[in-house]
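A.B. asks: Build the full structure now, drawing on both the sequences and the hints.
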Amino acid sequence: MEVAYLIETIIKVVVVLTIFSALAGIGTYFERKILAFMQRRLGPMNVGPYGLLQVAADGIKLFTKEDIIPTNVVANVFKIAPVITASTAFMAAAAIPFLPSFDIFGYTVHPIIADINVGILYILGIMGVGLYGPLLGGMASANKFSLLSAARGAAVFISYEVVTGLSILAPIMMVGSLSLIDFNNYQIENGWIVFNLYGVGFVAFILFWIAAFAETGRTPFHLIANDHEIIDGFGTEYSGMRWGLFFIGEYANMFFISFVIPLLFLGGYGDGSFLGALGLLAKVAFFFFFFLWTRAAWPDVRPDQLMWLCWKVLMPIAVVNILIAAIIMI
Amino acid sequence: MEAFNNRNVDNNGYFMVDIEDYPTDGWGKFKRVVRRSFKGELFVGLWVVMREMLKGNIHTIQYPMEKMPIGPRYRAVHEMKRLWESEAERCIGCGLCEKICISNCIQMDTKIDENSRKEVSAYTINLGRCIFCGYCAEVCPELAITHGGEYENGSEQREHYIDYAGMLTPLEMMTQGKQREFEGFGAITPHEDAGVKKTPLSY
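Protein chains in written order, with the working numbering: chain A, 165 to 494; chain B, 436 to 638.
Read the hints as simulated data drawn from the structure, not as lab findings. On a predicted model such as this, the values are computed, not experimentally measured, just so you know. Check before you lean on any hint, since a few could be wrong.
As the list claims (entries may be wrong) - Calculated lysine-lysine pairs in the DSS-like style (CA-CA distance at most 30 angstroms, straight line):
#1 A:K176 x A:K225
#2 B:K474 x B:K490
#3 B:K474 x A:K447
#4 B:K502 x B:K490
#5 A:K476 x B:K464
#6 B:K474 x A:K476
#7 B:K490 x A:K447
#8 A:K225 x A:K308
#9 A:K229 x A:K243
#10 B:K534 x B:K546
#11 A:K225 x A:K243
#12 A:K476 x B:K466
Stated by the list, open to error - Computed footprint of chain A on chain B; a stretch qualifies when at least three of its residues, placed anywhere within it, have a C-beta under 8 angstroms from a C-beta of chain A:
#13 475-486
#14 490-496
Glycine included, each C-beta is placed from N, C-alpha and C at the ideal position.
C.D. replies: The structure is reproduced here in structure tokens:
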């Protein structure tokens with residue numbers, strides 16, 4: 165039994181790693197295409213039909229590029245930083261149920277690597293650790309722009325992480341558990357959390373969604389690697405696959421947070437039927453698309469504006485939201 | 436093309452943007468934040484890009500495969516025209532283009548042929564020096580040297596010459612009647628005939 169469990173877990177880990185590494189690559193293709201269509205361009209067209217093999221070309225380029233370690237950088241920290249970003253992104257995926265459990269050859273598969281009882285705390289915590297990638301990479305780079313980006317990363321991090329934590333407190337109080345599977349089962353009986361408790365769930369959903377943009381560093385809050393201000397921020401001095409790891413980490417994070425939002429607020433995979441699984445994937449696709457959509461439509465805010473938003477607007481709303489939820493539930 | 440030729444800018448739907456004053460006190464700033472938060476301007480932006488995506492109105496020109504139409508007045512690599520009637524070369528070897536060329540890129544040599552007419556024996560343009568100002572086409576009395584629309588003249592060296600034979604309209608193009616007249620700089624303007632005045636011989 166123990167051996168079977170071990171083998172099953174390893175297989176699941178490998179599957180999640182492969183699928184989401186590939187998805188990160190394909191995600192860049194979708195991002196380029198969708199941004200292009202929204203800006204009346206064509207996007208990648210030349211490599212393969214409709215540019216579909218662009219991902220492969222980019223992969224070959226990243227893998228075969230020279231790995232430059234510039235002088236004056238703190239080499240060990242510089243080398244390890246991208247690994248932190250990529251690995252924490254995938255570690256966070258361990259507690260996410262990607263699909264409802266299904267039977268295959270008479271064997272029940274639970275598409276979650278570890279259903280731990282602190283699920284959502286673990287996910288947010290590990291995603292928070294992911295900050296060390298940009299922070300250490302930026303500080304070790306011996307580059308002004310990287311250093312600015314690291315400082316911004318730290319400032320942004322303490323701002324949005326408060327909102328993330330406080331916003332999910334109300335749903336956690338409703339469910340009474342931290343496991344995402346319990347969240348899902350709660351929503352089967354009581355309806356989606358978004359519509360629960362007279363709008364409290366909706367406010368929590370909006371707050372968490374906004375914080376997710378800061379968490380993944382996507383466009384309204386794309387401050388850490390803001391091209392037009394600080395070049396590529398922490399990624400300025402990186403080349404080849406080390407930079408690619410940052411990239412994979414960022415896109416994997418986007419996919420995982422796109423899984424977490426529907427699981428927390430929008431009913432997840434529902435009752436576990438095939439239709440429910442498709443529903444979850446559709447929700448994930450929508451949230452991923454929304455990340456790209458906002459990038460085409462919205463301008464970036466300044467770091468001080470983001471901190472103002474998080475501390476002066478979103479955090480009070482989140483606290484009031486928790487209070488209201490508590491009063492209603494009593 | 437029509438839209439670009441309309442130079443009348445005073446009545447094209449331009450209007451002054453209504454910018455309100457910035458709030459100075461805290462209450463005013465608070466009101467502005469609330470107003471902006473619930474006005475839904477962010478959704479306007481989302482809708483605009485979504486609308487453009489759904490329309491599929493793509494403006495990309497996939498350059499080496501597709502090319503923009505080029506205006507007849509465009510000044511790219513030179514061409515030597517032939518006479519429509521006799522298909523003979525228009526160039527009379529007067530040398531004005533060589534004289535007027537401000538970057539000294541035209542070099543020509545002439546001789547008297549057996550019919551005791553002047554004939555071009557050597558004619559080269561150094562495209563590496565040419566600034567495509569169009570003076571040669573303007574000064575040419577016979578409308579012989581003109582500018583064409585061929586702008587892809589990259590070369591491996593800075594000195595990149597084209598010669599007389601390369602510029603001359605091929606004879607088969609003449610028989611097909613495909614020689615294109617240059618409409619820019621020095622060419623005859625439309626309705627030129629109407630503007631011609633007879634020389635007053637009375638004085």
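A.B. asks: Quickly compare the C-alpha distance for K476 of chain A and K464 of chain B to 30 angstroms and report which way the hint goes.
C.D. replies: holds (13 angstroms)
A.B. asks: Is the Cα-Cα distance between K225 of chain A and K308 of chain A 30 angstroms or less?
C.D. replies: Answer holds: K225 of chain A to K308 of chain A is near 27 angstroms, not above 30 angstroms.
A.B. asks: Given the hinted pair K490 of chain B and K447 of chain A, is their Cα-Cα distance within 30 angstroms?
C.D. replies: holds (24 angstroms)
A.B. asks: Quickly compare the C-alpha distance for K229 of chain A and K243 of chain A to 30 angstroms and report which way the hint goes.
C.D. replies: Holds, at about 15 angstroms.
A.B. asks: Are the Cα atoms of K534 of chain B and K546 of chain B separated by 30 angstroms or less?
C.D. replies: holds (17 angstroms)
A.B. asks: How about the stretch 490-496 of chain B: do at least three of its residues have a C-beta closer than 8 angstroms to a C-beta of chain A?
C.D. replies: Answer holds; 5 residues pass the 8 angstroms Cβ test.
A.B. asks: Straight-line Cα separation of K474 of chain B and K476 of chain A no greater than 30 angstroms?
C.D. replies: holds (20 angstroms)
A.B. asks: Would you mind confirming whether the straight-line C-alpha gap from K474 of chain B to K447 of chain A stays at or under 30 angstroms?
C.D. replies: holds (26 angstroms)
A.B. asks: Does K474 of chain B pair with K490 of chain B here, judged by a C-alpha cut-off of 30 angstroms?
C.D. replies: holds (26 angstroms)
A.B. asks: Compare the distance between the alpha carbons of K476 of chain A and K466 of chain B with 30 angstroms, and conclude whether the hinted pair is satisfied.
C.D. replies: holds (15 angstroms)
A.B. asks: Take a quick look at whether K225 of chain A and K243 of chain A sit within 30 angstroms of each other, Cα to Cα.
C.D. replies: holds (19 angstroms)
A.B. asks: Hint check: K176 of chain A vs K225 of chain A, CA-CA at most 30 angstroms. Holds or violated?
C.D. replies: Roughly 29 angstroms between the alpha carbons, so the hint for K176 of chain A and K225 of chain A holds.
Checked against the numbered hints listed earlier, the structure breaks none of them; every hint is satisfied.
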